[in-house]
Amino acid sequence: MSKKNFGIAIAVIAVVAAGFGAWMVMIPGPTAFASGSTVALADYKDANPTGVPKEMANADLIARGEYLTHAADCVACHTAKNGGQPFAGGLAFNLPNIGTIYSTNITPDKETGIGNYTDAQFLATLHQGKRADGQNLYPAMSYTSYTYMTEADALAIKAYLFSLPAVHAPAKENKLSWPFNNRSLMGIWNAFYNADERFRPNTAQSAEWNRGAYLAEAMGHCSECHTPRNLAFAMNNRKKFAGALTGGWRAYNITPDQKAGVGSWSDNDLATFLSTGHVDGHGGAGGPMGEATDNSLTFLTAGDIRALVVYLRSVPAQDSDLPRTVTTPAPVSHREGVTAGLDSRGEKIFAGACASCHDWTGVSPVSKYATLTGVRAVNDPSATNVAQTIIAGVDRTTVNGKIFMPAFGTAYSDDEIADVANYVTARFGAKGASLTAKDIASLRKQVAQQ
Amino acid sequence: MVTLQINGQAHTIDAPDDMPLLWALRDIVGLTGTKFGCGIAQCGACTVHVDGKAVRSCMLPVGAIGNRAITTIEAIGDTPNGAKIQKAWLDIEVVQCGYCQSGQIMSATALLNRTPNPDDSDIDAAMAGNICRCGTYVRIRQAIKNAAKSV
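Heads up: the sequence lines are chains W and S, in that order.
Under this note's numbering, think of the first position of the first sequence as 609, with each following residue one higher.
Under this note's numbering, think of the first position of the second sequence as 6, with each following residue one higher.
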């Protein structure tokens, strides 16, 4: 290669690398997909998209804070599994190749909680990801979403949290590998990936859309689980809501895509699912979405749920590798259907442990919550959520009573769980999974709480 | 208040919608032939019929039943297949301790309702969820086959 050609090659590589780098760091904002222009909240003339819904206009600060704390679902991450005290922290986030981060105590305990936080310190936590001592938080705390929250709403949440009983619960020490154990490096990450700006309403969109956008982005932080992340672990809004694997569970595609997303759901289906965690024909939420429903979404007013639906409907459809869900039940006899003649171990376990509630058809004779037909998780050939549900069971306290499925994680081996998950997705879903014991071990590790 | 159609009779009971049928049967209606085993639909002792199908009553909320016909072990002998199954059970003395047997008989009867001549695979698919601590499985299998052959 001549010197000149070599120089050109280097230049091309440099330009491509710079372009890739710019593409990586210049992620569009969470609502950038919407046409129209945005204004500062103070300049927005229509109904205020922030704060509590109008039904609560006269509620006191703590009641408003409680509604907003539900909407922001703080309790989900700030409560340890298996009977942890609400808001006292201790939930483990297992990040592959990075380590384990524990959520912290946000009760008003002065020693181990946030009892000494000033308003300014609390705002810096939510908007800039900085704790009281000025150190950076890790973005496991969803401050890149909460940064869009208004000061008034953040301080209402603070007032509510400070009205709760103080719990003495020291934070567990994170177990992070180098270089991730260096909090100061997060400053660089923040410069690229934390917008540190408040919600700006879009004047071309309806007031309802703006309310939905505020609830989804600044409060409910849907994207934290449902939007795929880029190499730098930032939410990639170019694939907004296209689905992602988060904490060992698959958060599904919630874009209006007909096949892979929720495009085939009616508005009522979506609203019912969001507010109760179940809708006939599409099944129920389990795992983290079950928690998000019972801790957060179920407390939202019908108007706020409608606003969320309007907003969800507006995001660009994203295709993904998920097949269309099968909506017809499997045959009555175990001998018929796509699993006929397999006589597998999965089928034997299903017969003993599953069929009495889920039936050989997949349509439960016991509870509509146990029907497998049409459920997205069952129609996901990765069987991730099916396997996690078999391992962890379901134990939800909903507005419509208790929903329970036993946890089989300690009763069955990794081999057996893989076989059942493969059988269930083959018999009742679009395509059978091919999980192995190794996959199950990995899934267990991703949700492990130690 | 919930109204249930149990063994051909309407019973109006004072129970919340989410009470499992098993509780209503045993503690309110007084039909104690249906047994409590595990409470999480993993053993089959509480099996009853709802419209002729085997259902675990420990997980079935009374509010979800509506007008569908509930049949329990107390009345299963009044149905043709129930009578055949019970006779086959007595003929070869299937029962040992007996605790699970109400559920076994209810599941076996539901199997015959759907599949008049079940083979081993059908029996496995229908009966695997009914467990027996005494291990009477071999006699259960035989009794089901005998009942299917009987007239």
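Source of the hints: derived by calculation from the structure; they are not laboratory data.
For each residue, glycine too, the CB sits at the ideal point set by N, CA and C.
Be aware that a few hints might be false.
As the list claims (entries may be wrong) - With a straight-line cut-off of 25 Å between C-alpha atoms, the simulated BS3-like cross-links for lysine-lysine are:
(1) W:Lys-976 to S:Lys-58
(2) W:Lys-689 to W:Lys-783
(3) W:Lys-1010 to S:Lys-150
(4) W:Lys-780 to W:Lys-1053
(5) W:Lys-611 to W:Lys-689
(6) W:Lys-783 to W:Lys-1053
(7) S:Lys-92 to S:Lys-150
(8) W:Lys-956 to S:Lys-150
(9) W:Lys-1039 to W:Lys-867
(10) S:Lys-92 to W:Lys-956
(11) W:Lys-689 to W:Lys-718
(12) W:Lys-783 to W:Lys-1010
As the list claims (entries may be wrong) - Cβ-to-Cβ under 7 Å is the rule here; a few derived chain W residues that face chain S:
(13) Gly-960
(14) Ala-963
(15) Cys-965
(16) Pro-973
(17) Val-974
(18) Thr-1006
(19) Gly-1009
(20) Ala-1015
(21) Gly-1017
(22) Thr-1018
Indices of hints not satisfied (ascending): As far as the earlier hints go, 3, 5, 10, 12, 18, 20, 21, 22 are violated by this structure, in ascending order.
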